[in-house]
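Dock chain B against chain A, hints included.
Sequences listed follow chains A and B, in order.
So that you can map any letter, position 395 of the first sequence is 395 in this note's numbering, and since no number is skipped, the others follow by simple counting.
So that you can map any letter, position 12 of the second sequence is 12 in this note's numbering, and since no number is skipped, the others follow by simple counting.
There's no promise every hint is true.
Which copy? The list can't say, so a pair holds if one copy fits it or any two copies do.
Dumping the calculated DSS-like pairs for lysine-lysine here, alpha-carbon to alpha-carbon at most 25 Å [claimed, not checked]:
| no. | residue 1 | residue 2 |
| --- | --- | --- |
| 1 | 103 | 319 |
| 2 | 346 | 454 |
| 3 | 122 | 417 |
| 4 | 129 | 446 |
| 5 | 417 | 461 |
| 6 | 122 | 461 |
| 7 | 122 | 446 |
| 8 | 319 | 55 |
| 9 | 129 | 509 |
| 10 | 417 | 103 |
| 11 | 129 | 55 |
| 12 | 509 | 346 |
| 13 | 129 | 454 |
| 14 | 103 | 446 |
| 15 | 461 | 129 |
Bear in mind the hints are in silico, worked out from the structure with no lab data behind them.
There are 2 protein chains.
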Amino acid sequence: MSVIRMSELFVRTLRQDPADAEASSHRWLTRAGYIRRVAPGVYSWLPLGLRVLAKVEAIIRQEMEAIGAQEVRFPALLPREPYEATGRWSDYGPNLFRLQDRKGGDYLLGPTHEEMFTLLVKDLYSSYKDLPLTLYQIQTKYRDEARPRAGILRGREFIMKDSYSFDLDQAGLRDSYQRHRQAYVRIFDRLGFDYVVVQAMSGAMGGSASEEFLVVSEAGEDSFVRSPGGYAANVEAVRVPPAEAVDASQVPPASAILTPGAATIDALVEVCQRVAPRSDRPWDGADTLKNVVFQVTEPDGRRQPLVIGLPGDREVDLKRLEAALAPAEATAFDEADFAAHPELVKGYIGPVRLTETGPVAVLGQTGTARVRYLVDPRVGPGSVWASGANQADQHLVDLVAGRDFEPDGLIDVAEVKAGDPAPDGSGPLSLARGVEMGHIFQLGRKYAEALGLKVLDRDGKLATVTMGSYGIGVSRAVAMVAEATCDEHGLAWPRELAPYDVVIVLAGKEEAMRQAAQALADQLSEAGLEVVLDDRAVSPGVKFADSELIGFPTSVVVGRSLADGSVEIRDRASGQRQSVRLEQAVGSIVEAVRG
Amino acid sequence: MSVIRMSELFVRTLRQDPADAEASSHRWLTRAGYIRRVAPGVYSWLPLGLRVLAKVEAIIRQEMEAIGAQEVRFPALLPREPYEATGRWSDYGPNLFRLQDRKGGDYLLGPTHEEMFTLLVKDLYSSYKDLPLTLYQIQTKYRDEARPRAGILRGREFIMKDSYSFDLDQAGLRDSYQRHRQAYVRIFDRLGFDYVVVQAMSGAMGGSASEEFLVVSEAGEDSFVRSPGGYAANVEAVRVPPAEAVDASQVPPASAILTPGAATIDALVEVCQRVAPRSDRPWDGADTLKNVVFQVTEPDGRRQPLVIGLPGDREVDLKRLEAALAPAEATAFDEADFAAHPELVKGYIGPVRLTETGPVAVLGQTGTARVRYLVDPRVGPGSVWASGANQADQHLVDLVAGRDFEPDGLIDVAEVKAGDPAPDGSGPLSLARGVEMGHIFQLGRKYAEALGLKVLDRDGKLATVTMGSYGIGVSRAVAMVAEATCDEHGLAWPRELAPYDVVIVLAGKEEAMRQAAQALADQLSEAGLEVVLDDRAVSPGVKFADSELIGFPTSVVVGRSLADGSVEIRDRASGQRQSVRLEQAVGSIVEAVRG
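Looking at chain A on its own, in the form it has when it is part of the complex (with noise of 0.2 Å):
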């Protein structure tokens, strides 16, 4: 290709930040001139950044070819009836981008393709002798995200890479899967992260099991845990095992204790510290029950409140609570939702009331009249607990799980704290965060079965087949490349992936300056290097922070130690220089872009 001149190229780098930036890749990546706004989570991407994205794309379409995925592309537009009959049309709920043709037909903005495939292979295979298949796009999609952030991070409209892969039984599924994984693991390794496989929720994709691709950063919206064993997982697919039942026959009957104004944990440990004492030790928040109401909606718009009782020390994660209640949406218990349910105290909220008989269920076992009561894992049979009495200024003590309350059953949204122990006993997790930007799946036949993908076996009886789906963000990747090799200057790219390899900065007015810059930008370009010469009128200073701020992992500086026959190469990652002659140069540029 020829020598791109910077005085031509379509690039102006801007010197505010966005107005709106969170992250830094965002932020370089808009001042750099690599992409711009349109909408919310809507971007365009210039010159630059098509560039990087398709060096991105090349090592996903290479890596997929290698375990024998066949690309394919669907539309983006797609119609609602494939959607209706898994379900995801009304699952996704605001999420979806629908739209009406001009007859009235109802259409989608694909945010990803299970049904489309799922038809697709039906369409066309019938024999247990097609299989196993695996296909792929890279292709835009969409999401109506409630917060669209940090520019192509998360955006509305992006990039993926979905496959999908068809089998016959789960041994095939197994080894798909495994594909994949490896796949995955080559990719991310190419892109130069830092991340983590972990256990993920499959959340409103359905399946079995599935694992998520985190790469490690402080900016991400993910939290996972590690353990020293070997355990990770996203945590809002950490399973606390359900605690095992305890003997509570010792255990005196359920009684009231006043708590006026106790209506916090700390407030409640410290009262029961005064007027009922253990024998064993202190109180501590660990020993309360506290219970958390939500009002929850169905995706179908009915609501219904829900309790959730977990150990006092401990808060509901509430993206635990998305994953476990999805399609249905909780939201915060308000003033009115209070009003509408007298029973619920606030503050003092608790599985019963005492009454001369004993504890009556103001929570679970729903009834008509019983509000729905679901607990951590933690409050197993035989546990004992302070909890509200539901009435004002009163708690109980005392109570037992099993004994004076039987919960609805058990609900695993409680935060997970750094030291909680692994649930596979492999030692005490740490936390930290991370962005995913892989996701794999073991569908199993969910959409096989709701669309009616079957294929004669070996029997020649009809079965129905077994899926797997897989999924990379193509932009995000774009951006998490941006955001772990940026610094305090700007972008710095790592090579397999910069825009261009190399940008000779003629950096003085001389006549002479001008033909050698032009005459080893040439030399560059015929040995296969994509060369940027930047011939603007605009200062040396001006040159060298726009080839920081854009990143070009090598540049080449002509200026006055041109008169003594030498150029200067600098390497943006490292920062080093280097003075070579002029005759030289190319021999050594080429040598450190190819490494």
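Only chain B this time, still in chain A's reference frame:
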């Protein structure tokens, strides 16, 4: 790349035409497994189709880069505001896919991106020194066509290359336009099209000059004309010069004749010939003034009737009418419309009614009572006509334009006929049909003015930029290459665009054949060819048929003749077959492929 096994390639050839097939390309692309329908005008690309698409895109990219155009990519999901500013939010009418996001914000799916490119350049550029600039994208576009048809030939989701030029002045715009025109000539030459470049209407796009690149095809929806002297235009763009004034001072006053039942031109000519014979020659349809009435609906919903007067030997060309009135739309006057306008007597409409004091206008000179009246350019001042009398069973003769009636203006929407003189005097026109593959526009300052794109000129004053816009239907190009090259057996791709260079047809079950076929495939692949090995467990006949249907340019048959040490090379386009010695096969095939 590695050899692809037909047994693993995601393709199924179909024996049945798609239900709605009207174009050969649609039939063969579907039956050969290149595309698959998802919804009306919405298609998926299967692996074979995607490979052809990529090759077409590569040619376009090369030629766009060669004229210095820089690639960017805009979103498809676009906010309403810029399209509101230029009027296209409403002008596009029902052709635009509109939707709302979760917050009720209005969005559209981009049909073309003039507004967005204008805003981008406004955003980043500010000086004449930044110009000229040409940007382009290859991107998915949306139009809610009333009649999507012929598969990907006219889709509702489709791929376009659109580019935009930005210049300071008209001379710059002309240069940019000419460079694009030449790039288009190179692109369409490389795609192998039989095409014409014709003058075109700008339509909803606005702007002054524009030309279309039409691929000559009976399946085309566009009609165009050519003259021996080099005139070429879309029929919508043909401009008939207004007739010069003639002296009508000797023409007697208009008089009424009784014409019961003569509601057609033929019947009228017959009556005139009988009751009011001409002295010079027999009556002809071209001597009568036919008046056709339409109901015209503006984009804002306002409706009013329009009468068009034209020589009786011509019809109104509805596509020319649509182009002339856009963005307003015309529909035929129905019975209810006639009932609401008793002054318009069906079959006897004319510009005037005779009273004792002479002709009184019924049409034209639109006041509160009269109906808007436009006439064909052939209806010049002083021309003499027979026309309706606005009373049942009566016509007027000796009706003189400019004396007896005054139209509101001219409208050039009569059908163009073979043999009509070219407007530029270059000889008689011939008519043909074509498919619009490209359209280039000198937009001028319409968008820059509406959106405020100005730069500082050489004198430090703000000057509005002048723009061009240039489109190529990329997915349509795939269809048209298929359309132009297919035959009764299926597709027959030109070598530069074929999904694979060669298929090795294993035509037998012997192990020696299998080994020879595999070795040949490997050697061709090593020589840089894209190779498919048809290793399926089906008969040679099925393989031959599929290879012709899919349109591999070269097939190599490894079958019984292998016993004699030879294989057969078949050329898809010419049908030629050639037997070659196995040891010379690779050389022969590479030569055949590389030409």
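> When the hints from earlier in the document are held up against this structure, which numbers fail?
Replying inline: 2, 3, 5, 8, 10, 11, 12, 14
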